[in-house]
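Number of protein chains: 2
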Amino acid sequence: MQQTSEILRELKIKVTPQRLSVYLAFNKARGHLSADEVYRAAQKKVPAISLGTVYSILENFCAKGLLREIKIDFNKSFYEMKKEPHHHFSCRICNKIFDVHMPVCSALRTNTVDGHIIDDFQGYFYGTCAGCLNGKKKK
Amino acid sequence: MQQTSEILRELKIKVTPQRLSVYLAFNKARGHLSADEVYRAAQKKVPAISLGTVYSILENFCAKGLLREIKIDFNKSFYEMKKEPHHHFSCRICNKIFDVHMPVCSALRTNTVDGHIIDDFQGYFYGTCAGCLNGKKKK
DNA sequence: TTTATATCTAGGAATGATTATTATATAGAA
DNA sequence: TTCTATATAATAATCATTCCTAGATATAAA
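Quick note, the sequences are listed as chains A and B, same order. Note that the first sequence ends on residue 499 in the working numbering; no numbers are left out. Note that the second sequence ends on residue 499 in the working numbering; no numbers are left out.
Hints in this document: simulated from the structure, not taken from any laboratory. A portion of the hints provided could be inaccurate.
Same chains, same names: a pair is fine if it fits in one copy or spans any two.
Straight-line alpha carbon distances no greater than 35 Å define the calculated DSBU-like cross-link-like pairs of lysine-lysine that follow [to be verified]:
| no. | residue 1 | residue 2 |
| --- | --- | --- |
| 1 | K374 | K404 |
| 2 | K443 | K405 |
| 3 | K404 | K424 |
| 4 | K431 | K443 |
| 5 | K374 | K436 |
| 6 | K456 | K443 |
| 7 | K388 | K405 |
| 8 | K424 | K436 |
| 9 | K456 | K404 |
| 10 | K442 | K431 |
All figures in this text were calculated on a predicted structure; none of them were measured in a lab.
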């Protein structure tokens, strides 16, 4: 926990129990979480935390470069710990999100295109995941 | 108009005035339209058209491969006539969407990755557009 | 350690895009 | 022309997200 506080302080993020609980939710899940999933995980540490606060913290963490917002799925955002650039895959059957293990083309790492300045790129694949292809159940 | 009806019939889309008006909105705009923008454009031809019908038609057109849904912008979908695969750019200042003139890497045209079957890919760039860099106004 | 204050949080209301519902209308086949 | 599956209009419902405000609190400064 002490370690987590230091990570936040280094990023100039004021340390609060709510923020620690959100950070730890990602540390434990190590995947892609929706705001609601973060909310439920954070409640285990801070029962009185509100959903509005979770949204506020997610926005703050993204702004500070700690998290990354993923808009692959329709009508709902997901978040993940920021790491090496990579694409995502969304299964149309079970709606799960997967990291894609494929090198990101150098062309996509460019800083400008058509005269626009680029600060982020998101690559989203859609289809049927390996699990659903094998006849597994919808989560 | 006759021509448009034939295009729809070839795609097994039942021809109605509402659907023609939506198709023509895209034919005229040649860009990326939100449901609301389609709604307002379609109203010029069919004043009584409802927003629900527009959503229904957009979904139908996407399913038939006539349109393509773009989820680049937060909390709102855009649609465009389906054409050659290409990436999109969204300006964080003016929120306009641009087609990106950059060849889509062959690696992204794959049909499978990590055992998942892919049926679509969307590449989204974010940043500041050329217009906003030149100090133009927010639309 | 105490104090001051900028910022964070809880709770709830508001927003806005999208979807669902249902009765009626209609395109296209027979 | 008639029939029937499907499309539409109108409206209500949903749901993620944002907004708002009063009160709480983390952190810097004394």
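Do the hints match the structure? See the list:
1. When the C-alpha separation of K374 and K404 is checked against a cutoff of 35 Å, the pair qualifies only within one copy, where the shortest distance is 21 Å, while the shortest distance between copies is 53 Å.
2. Proximity of K443 to K405 under the C-alpha cut-off of 35 Å is restricted to the intra-copy arrangement: shortest distance 25 Å within a copy versus 49 Å between copies.
3. Taking the closest pair of Cα atoms, K404 and K424 come within 35 Å of each other only inside a single copy of the chain (25 Å); across copies the shortest separation is 45 Å, beyond that limit.
4. For a Cα distance limit of 35 Å, the shortest separation of K431 from K443 qualifies both inside one copy, at 17 Å, and across copies, at 23 Å.
5. When the C-alpha separation of K374 and K436 is checked against a cutoff of 35 Å, the pair qualifies both within a copy, at 27 Å, and between copies, at 32 Å.
6. With identical chains, the CA atoms of K456 and K443 are at most 35 Å apart both within one copy (19 Å) and between copies (28 Å).
7. With identical chains, the CA atoms of K388 and K405 are at most 35 Å apart within one copy only, with a shortest distance of 13 Å there and 55 Å across copies.
8. Taking CA atoms no more than 35 Å apart as the test, K424 paired with K436 passes in both settings, with 21 Å inside one copy and 24 Å between copies.
9. For the homomeric pair K456 and K404, the shortest alpha-carbon distance inside one copy (23 Å) is at most 35 Å, but the shortest distance between copies (41 Å) is not.
10. When the C-alpha separation of K442 and K431 is checked against a cutoff of 35 Å, the pair qualifies both within a copy, at 14 Å, and between copies, at 21 Å.
In summary, the structure agrees with every hint in the numbered list given earlier.
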